[in-house]
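Q: Chains A and B supply the protein sequences, listed in that same order. Using my numbering, the first residue of the first sequence is number 5, and each one after it goes up by one. Using my numbering, the first residue of the second sequence is number 5, and each one after it goes up by one.
One should not assume that every hint holds.
[What the hints assert, rightly or not] Now the in silico label distances, taken between C-beta atoms and shown as ranges: (1) B:160 x A:94: 34 to 40 angstroms; (2) B:230 x A:172: 23 to 29 angstroms; (3) B:147 x A:160: 34 to 40 angstroms; (4) A:113 x B:230: 53 to 59 angstroms; (5) B:94 x A:33: 30 to 36 angstroms.
[What the hints assert, rightly or not] The following residues of chain B were derived to be distant from chain A, with all beta-carbon distances above 10 angstroms: (6) 19; (7) 58; (8) 144.
[Said to hold, decoys possible] Stretch by stretch, here's where chain B covers chain A in the computed footprint (C-beta under 8 angstroms, at least three residues): (9) 40-46; (10) 160-171.
Hints are computed from structural coordinates only; laboratory data are not their basis. Backbone N, C-alpha and C fix where the C-beta goes; we use that ideal spot for every residue, glycine too.
Protein chains: 2
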Amino acid sequence: MPFIGVLGGMGPAATVDFLDKIVQLTPAKCDQEHLPWIVSGIPQIFDRSQAILGDGPNPFSQLASGVDFLNRAGAGVIVIPCNSSHHWYDQLLTRSRAPILHIAETAVYAISPCSHQRVAILATRGTMSSGFYQQALAKRQLVHASISTILQDRVDRCISLVKAAEIDEAADILSNVAQMSVAQGVTNIILACTELSVAASFHGVLPAVFVNSSLELAAAAVRYGLERKWNHLGNLTRDILP
Amino acid sequence: MPFIGVLGGMGPAATVDFLDKIVQLTPAKCDQEHLPWIVSGIPQIFDRSQAILGDGPNPFSQLASGVDFLNRAGAGVIVIPCNSSHHWYDQLLTRSRAPILHIAETAVYAISPCSHQRVAILATRGTMSSGFYQQALAKRQLVHASISTILQDRVDRCISLVKAAEIDEAADILSNVAQMSVAQGVTNIILACTELSVAASFHGVLPAVFVNSSLELAAAAVRYGLERKWNHLGNLTRDILP
């Protein structure tokens, strides 16, 4: 049976947060009405941001091995709840039989284009340097509001804290960054790193201005699966996996 | 590289809660220090409790297909965060190359044998009828305190509510069942259904008397992986999956 293939583990807490969103967004009264998913949660994949910046080994073959695994298992669609990994999106898509939903496309699509909007991107330095979020904004005629180096330092710190399970402190930093950005005229803040979604869900930190890339990708995956009735009992076979 | 294979999806919210516990219990400062896991989260598997009671189709071949899948992917150990599924534990273990940690063994092992203890088991009717928890208690010389039919009805309702994402009401019911049990002289309450772990984590419901089977299985899986250094960078290869 087809399922949502999740290339996760980058990082593990962000993957759990993403899966939680998939479950919460699925209307279901019993197990069998939920959507099927298989998750590769291998956190040993080389640091994506460092690799993009030229400061570490290239994780592409590890990411590709995860995509190949999910395809072999029979994934009907693949999602990668790690923004930085989307630096290699085109190369991964080329080798994948299953479509791969693009996290930046789903996040940016959640913002209605409107002339007065100024959109900040909170992400790893690797994602910022890669430029795919800026391109996705430009495609939708949305104005990108750069954040200062000081705020970027705080975003980096927030991401590291989530990976080290220091969610309390991470949430405080995210709240501070959001307040500073709004004070500088930002109207929408894309949480363009899945660790930031974990920090944001800790206690509501200015949620009105946040566009959560993890939530938008989960919503897109759920829509994809529900439209194809992957949670429909009719798909049930005794041997559920190849 | 070896990883923790998780046969999940029964139900999906319980699987997410279990994975959250794995991540929280792992001491790690960055992604790469976390343990690798692969999760089969196929909720279309036939209802385990109904099957044990003779009220529904047998899920064994579906469970077996999940165990086979995780073995083929290279699991170093398998865990099943669904108590009722352990009715088929012996048959699943026979076909598995990887060891399968038994959720009831890990839960019961968390209770120090002590003559005055009276242990209640909150579980599906299938798990209760199967008897593997009662046997695990007996093996440790622990006294099983049966709960009334009225309380069992409430446990059933609590489990269904979690599967339908009505966590608020489920938590209230669990709190009530726990209070009634303690009033009747129970000293330890095993949450012997992984849905009950979701309800228990909603807002601290008499946590002192709870033995959480989901938490104990996660702790056992983390110990298993850490002892074998599966989170050690030395295990890293470029092709992470077969």
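Q: Are the hints correct? Go through all of them and say.
A: Each hint, compared with the structure:
{"no.": "1", "hint": "B:160 x A:94: 34 to 40 angstroms", "result": "50 angstroms, violated"}
{"no.": "2", "hint": "B:230 x A:172: 23 to 29 angstroms", "result": "24 angstroms, holds"}
{"no.": "3", "hint": "B:147 x A:160: 34 to 40 angstroms", "result": "55 angstroms, violated"}
{"no.": "4", "hint": "A:113 x B:230: 53 to 59 angstroms", "result": "41 angstroms, violated"}
{"no.": "5", "hint": "B:94 x A:33: 30 to 36 angstroms", "result": "32 angstroms, holds"}
{"no.": "6", "hint": "19", "result": "8 angstroms, violated"}
{"no.": "7", "hint": "58", "result": "18 angstroms, holds"}
{"no.": "8", "hint": "144", "result": "31 angstroms, holds"}
{"no.": "9", "hint": "40-46", "result": "holds (count 7)"}
{"no.": "10", "hint": "160-171", "result": "holds (count 4)"}
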